[in-house]
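Line by line, the protein sequences are chains H and R. Counting in our numbering, the first sequence runs from 14 upward without gaps. Counting in our numbering, the second sequence runs from 14 upward without gaps.
Check the hints yourself; a few may be wrong.
Just so you know, same-sequence chains aren't split out, so a pair can sit in one copy or run between any two.
[Stated by the list, open to error] No farther apart than 20 Å at their CA atoms in a straight line, the calculated lysine to aspartate or glutamate pairs in the DMTMM-like style are these: (1) Lys374 with Glu402; (2) Lys374 with Asp279; (3) Lys162 with Asp139; (4) Lys393 with Asp360; (5) Lys38 with Asp146; (6) Lys374 with Asp360; (7) Lys374 with Glu238; (8) Lys85 with Asp146; (9) Lys374 with Asp272.
Because the hints were derived from the structure by calculation, they are not lab data. From a predicted model like this one, the values you see are computed outputs, not experimental measurements.
There are 2 protein chains.
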Amino acid sequence: MMIKLTSRGHGNKEIVERVISSPLKAKKLVEGKRRISVSERVARECINIGYGFFTPLEGFMNKADVEAVCKKMRLTNGVLWSIPIVLDVSSEEIEKEGIEEGEKVLLIYNEQPLALLNIEEIFKYDKMDLARDILGTTDMKHPGVKIYKEMKDTFIGGKITLVNIPIFNPPFNRFWYTPKKIREKFVEKGWRRIVAHQTRNVPHRGHEWLMKAAWFATNGELPVERPQTGILVNCVIGMKKIGDYIDEAIVLCHQQLQDSGYIRSDIHMVSIVLWDMRYAGPREAIFHAILRSNLGCTHHMFGRDHAGVGNYYGPYDAHRIFDEIPENALNIKPVRLLDWWYCPVCDEIGYSGFCGHHEEKQEISGTMIRGVIKNGSDVKSLQKIMRPEVFNKMMECANKYGFGSPFCTEQYLAERQPVFKLQQL
Amino acid sequence: MMIKLTSRGHGNKEIVERVISSPLKAKKLVEGKRRISVSERVARECINIGYGFFTPLEGFMNKADVEAVCKKMRLTNGVLWSIPIVLDVSSEEIEKEGIEEGEKVLLIYNEQPLALLNIEEIFKYDKMDLARDILGTTDMKHPGVKIYKEMKDTFIGGKITLVNIPIFNPPFNRFWYTPKKIREKFVEKGWRRIVAHQTRNVPHRGHEWLMKAAWFATNGELPVERPQTGILVNCVIGMKKIGDYIDEAIVLCHQQLQDSGYIRSDIHMVSIVLWDMRYAGPREAIFHAILRSNLGCTHHMFGRDHAGVGNYYGPYDAHRIFDEIPENALNIKPVRLLDWWYCPVCDEIGYSGFCGHHEEKQEISGTMIRGVIKNGSDVKSLQKIMRPEVFNKMMECANKYGFGSPFCTEQYLAERQPVFKLQQL
Numbered sequence: 014m015m016i017k018l019t020s021r022g023h024g025n026k027e028i029v030e031r032v033i034s035s036p037l038k039a040k041k042l043v044e045g046k047r048r049i050s051v052s053e054r055v056a057r058e059c060i061n062i063g064y065g066f067f068t069p070l071e072g073f074m075n076k077a078d079v080e081a082v083c084k085k086m087r088l089t090n091g092v093l094w095s096i097p098i099v100l101d102v103s104s105e106e107i108e109k110e111g112i113e114e115g116e117k118v119l120l121i122y123n124e125q126p127l128a129l130l131n132i133e134e135i136f137k138y139d140k141m142d143l144a145r146d147i148l149g150t151t152d153m154k155h156p157g158v159k160i161y162k163e164m165k166d167t168f169i170g171g172k173i174t175l176v177n178i179p180i181f182n183p184p185f186n187r188f189w190y191t192p193k194k195i196r197e198k199f200v201e202k203g204w205r206r207i208v209a210h211q212t213r214n215v216p217h218r219g220h221e222w223l224m225k226a227a228w229f230a231t232n233g234e235l236p237v238e239r240p241q242t243g244i245l246v247n248c249v250i251g252m253k254k255i256g257d258y259i260d261e262a263i264v265l266c267h268q269q270l271q272d273s274g275y276i277r278s279d280i281h282m283v284s285i286v287l288w289d290m291r292y293a294g295p296r297e298a299i300f301h302a303i304l305r306s307n308l309g310c311t312h313h314m315f316g317r318d319h320a321g322v323g324n325y326y327g328p329y330d331a332h333r334i335f336d337e338i339p340e341n342a343l344n345i346k347p348v349r350l351l352d353w354w355y356c357p358v359c360d361e362i363g364y365s366g367f368c369g370h371h372e373e374k375q376e377i378s379g380t381m382i383r384g385v386i387k388n389g390s391d392v393k394s395l396q397k398i399m400r401p402e403v404f405n406k407m408m409e410c411a412n413k414y415g416f417g418s419p420f421c422t423e424q425y426l427a428e429r430q431p432v433f434k435l436q437q438l
Numbered sequence: 014m015m016i017k018l019t020s021r022g023h024g025n026k027e028i029v030e031r032v033i034s035s036p037l038k039a040k041k042l043v044e045g046k047r048r049i050s051v052s053e054r055v056a057r058e059c060i061n062i063g064y065g066f067f068t069p070l071e072g073f074m075n076k077a078d079v080e081a082v083c084k085k086m087r088l089t090n091g092v093l094w095s096i097p098i099v100l101d102v103s104s105e106e107i108e109k110e111g112i113e114e115g116e117k118v119l120l121i122y123n124e125q126p127l128a129l130l131n132i133e134e135i136f137k138y139d140k141m142d143l144a145r146d147i148l149g150t151t152d153m154k155h156p157g158v159k160i161y162k163e164m165k166d167t168f169i170g171g172k173i174t175l176v177n178i179p180i181f182n183p184p185f186n187r188f189w190y191t192p193k194k195i196r197e198k199f200v201e202k203g204w205r206r207i208v209a210h211q212t213r214n215v216p217h218r219g220h221e222w223l224m225k226a227a228w229f230a231t232n233g234e235l236p237v238e239r240p241q242t243g244i245l246v247n248c249v250i251g252m253k254k255i256g257d258y259i260d261e262a263i264v265l266c267h268q269q270l271q272d273s274g275y276i277r278s279d280i281h282m283v284s285i286v287l288w289d290m291r292y293a294g295p296r297e298a299i300f301h302a303i304l305r306s307n308l309g310c311t312h313h314m315f316g317r318d319h320a321g322v323g324n325y326y327g328p329y330d331a332h333r334i335f336d337e338i339p340e341n342a343l344n345i346k347p348v349r350l351l352d353w354w355y356c357p358v359c360d361e362i363g364y365s366g367f368c369g370h371h372e373e374k375q376e377i378s379g380t381m382i383r384g385v386i387k388n389g390s391d392v393k394s395l396q397k398i399m400r401p402e403v404f405n406k407m408m409e410c411a412n413k414y415g416f417g418s419p420f421c422t423e424q425y426l427a428e429r430q431p432v433f434k435l436q437q438l
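Construct the entire structure; sequences and hints are all you get.
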């Protein structure tokens, strides 16, 4: 199977790039436009649309696309798409500003201009219908349902153009690549196949082996004397819940794995993407595949419980959905892997697919890692499941960015340094 | 890449089976035939031809095929073939018996009838030319050169038919499958892809990971909830050198890995093949691929120094040769992997392709294993590179089959129990 790196993204379309990078030109364009303030989530999605992370989308969806995605997991043009990308606005604001279809308005984030929007359609869509179709539930305990529930009551569809380049703050700046830029990096590295690793975690040794196994699966029968297959760790940066790992620890600890030699630098690269997890299980898996195919990845690894939450999805629902879509619907292949655990008999990370010691297995538990952090105890047994350099980097991040904790606290959520900023035009 | 298990073997030909399994019928057929006694090596190759391990070959090669294999790595019919399969006889014997082309003779092994041979051609071929073309050297220190050197001076080409079923002695009997039988096993197991592991070793943890990595590479994007990819450990049983592992330890220790749960029984199977290693490096790698494609394997793993000896070949010559042959010349894909070592930083088996601790690496050395056996020392550090159950099984085999040693001694070579026997017809 020869896979070529192309400039084409999802739906076999050229990577979208709708960005005005000259501030002067942008300033002129935005003059006199009526303004709509958008949420963090919408701001992140504007950036994604502008840089082509959501290729072939050029803007927020109109009603027909939202409906097609909900009911058929397709755009109206037939391209596979699993999660609606919508701009929600309150009807009061629309009325107050007198905003109408056909108009060009300016989207404002954090009081700075972000993007121009050509309003094609202003429409209503039942938010609980969205939740039901995309998440399979309307249970408010599901964090994705909460996202839909909290959306404003009206949607605006239309193409957008980014007019302000987001500036990423350290430590995120070195991990930020647009789809076009990251594809150039892949060419530089000489990678012919790239397998994406979706993460919101500080990596333990199970994650490490998930990546290594996926690397073998992706490399397949390619010769390996000169590495031609890379792992793209793509950290999802977006809405956080209390108890999640802090973003800074996630990106820097993945980088630490490379810096400490656990994964060679010529087959491994850490990057970020702005996205608010919907925890949509199988539909989110498809979405992640689309996202990473736009980054130029040829493969995407999916472990157990991918993008799920609670017990809303079976542990391998996100595997099975790939059997249900036509082969050519995606430019990226799923690499599906099972459970990893610490096996005391093998005295190494075991894979449920080949380790026969199912009765002796020890789940690699976040609880255990949390215990060590809390009590400082049992660091030695932790070494079996987390690299000491990763643990140390995590604690360094806790102090530097996390107000003492590597996990999101209310203080972190309220006071953390923003991931990116927009400058005044 | 969808790979189908078919009844077709190498060269896209139906698996050859030229075996008279009725002793009565065989007895009749062999009556009155002139007899030629053959060496162990030729006997093993008769069995291979008869059961289709060497499909599409139906007999020993005529001169034109030998020459085509030497010069172009092809049979005269264009099918890829890398090592001549020849029946060597002394000119004295041919003269004494008055054997002629066109005649049907009986091949005798260990004083029992083995196969009928339709003599097509009696010819000479320079044995050192064979060595030079196949092995790239005529240096007598190369054990393959020794095989050619010791061949008798005349070759006989012609189709053979097995007239006597070899009976395998324990512990080999449970690991003996003909190509047709092993393909039935694969279907029973529901395997859609099978990756072959060539071995003449008691497995250490590096071999274990070689197999596991190759399993991932072979499985690729196949779903894994129900295992559809298997590992076929195919132990080469043939001519031994002093210091080699004894055959009994090789097969039983590989089985022990499964029995002790280090590799699940539903993805792993141990088997044997009769073959005298030529240590031909790249040409032998091609040959191993052909052999395992006839067993129904879809993939074949190749590590460092595959089938090489001394410094006659570069460590990855056996990888590179696969880039030089046309894609459709083989029904089996090479899975090429680099070095495995024990990494004290990772505290696990490291793979040179992703472990960055090249300076700290510890080669997994046979010397170390030999040291433990000799002195009984350092068993604990040995556990990092060899499973205790495997070590114990190896020592059990040493006592039961090896006259106290797991390695071939002169006594073992002289007095060992034969791998198979032929019954009186």
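Which numbered hints are broken by the structure, listed smallest first?
-> Of the numbered hints, just 5 does not hold.
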